[in-house]
Amino acid sequence: YNGGAGITYTNVFGPIITLNSPVNAFNTTSSTINFNGTVTGTGLLSVNLSIDGILNETNSSGIEGNYLFTKIIAEGDHNWTYEACDSGGCVTATTRIFNIDTAPIINVFSPTNITFSTSTIFFNATSNLTVDKWIVNYNGTNVTLSSINTTLEVEDGSHNLFLYANHSVSGVFGLNDTIFFSVDATGPQITVTFPNETLDFHEVNINLSVNWTVSDVNLDTCTLEYGGVNRTVTCLDNNTEINITGVLKKSLILYANDTIGNSNSSSVSWNYKIFQNSLTYNPNSIGGNTELFTLNITKISSLSISTVSLVYNGSSSSASFTSGDTSIITRTIVVPNPTSDANFSFIFSFLLSDSSIINTTSNNQSVTNFAIGNCSTFSTLIYNFTMLDEINQTVLTNVTIDYAFNLFDDSRTTKITSFSESSNVNPTAIC
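When we follow my numbering, the leftmost residue of the sequence shown carries the number 71, and every step to the right adds one.
None of these hints come from the bench; they were simulated from the model.
Predicted, not measured: the structure shown is a model, and the values here were computed from it.
The C-beta atom is built at its ideal place from N, Cα and C for all residues, glycine as well.
Here are the simulated distance ranges between beta carbons:
#1 259 / 386: 47 to 55 Å
#2 432 / 304: 28 to 36 Å
#3 396 / 277: 16 to 24 Å
#4 221 / 267: 38 to 46 Å
#5 350 / 321: 28 to 36 Å
#6 304 / 384: 39 to 47 Å
The calculated lysine to aspartate or glutamate pairs, modelled on EDC-like cross-linking and capped at a C-alpha distance of 16 Å, are:
#7 343 / 273
#8 343 / 267
#9 320 / 273
#10 343 / 270
#11 343 / 395
#12 141 / 122
#13 320 / 267
#14 319 / 295
#15 141 / 127
#16 320 / 270
#17 320 / 295
#18 319 / 267
#19 343 / 424
#20 319 / 273
Could you put the whole structure together from the sequences, leaning on the hints where they help?
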């Protein structure tokens, strides 16, 4: 048969290799590669992993099944295959190729997870691979850096940093771990809203309100400077009071600081059309008394006083005043006699050269009723009348005494009170 050569029968076959992964032409950014293949056959002696044509590792377990090799492979193009050997020889699988393009690992030195008090932020980082382009994004916009050691002007606010590094060989971008940083380079926004104008009237030793607005995301403390004295105020109260001890102290400064160290201030000045330095009067009087009211004021230099009136218990009368920015106003009146004890209020009213009318703060004078009558009601004797017989000067009986009593001020023009009566008592008295 077969020209006398006969036929050859072989019952021994080499190992069968199936390469599972990575697949042919595999691309990855990871340098860790898991090589996996299945080998079957009897009498296995070894399974060998070759990478780039060089034996890398041998497994001599001799078992049939999956063979796994995990390797750290350098960047670039590579090939791999399995070789399986038994007593009859070795079999090599078809070679596969793969590529590793690893992403750069970025280590950011600046900025870090803090709040900066400057808007000039230094960007600095390193990569484990060669980088030809660095891109920073912290506000939704990509900015290509001229150098990784560079500064940018960053607006106030909270920012999430994305720093990309482009591998110069593979073109794969790496991205940093999450970094949140904040910029607060601006001092608090602060404005004193009152007092910041010419006020109509104020008086010594009376508090004056100070109002302001202030805002800052990191607001810390506020300090008010007035009259050379600093005191801490609560920023978000937006209000405090200062005691006005004199007409000359008419400016203040309000400072605000944030926790980052930024500060700002607002300064204001103001003036008064009329400032009351003092008021002198008798707080307690009796109906019919003549009382002097004296007011000491300082007026704004740009205006003059046209008239001043004392408005006492609703009745107005002209007052005299001296010239100059500091003026003394005086008015003497006869106090009205109330029917019963009363408090009479009074003010001084100024008409200025700009036609403005300025009224002082209302004050009270306590006035006691001055009353007269027979001495059965009152006890302080004023007059005692006795009717006598004109011959023997004896006290008459069965008589009627009619009298009328009118009390005037010392100018005898203003009646204070009066009393009249017919009395059958002799003597009779007025108290």
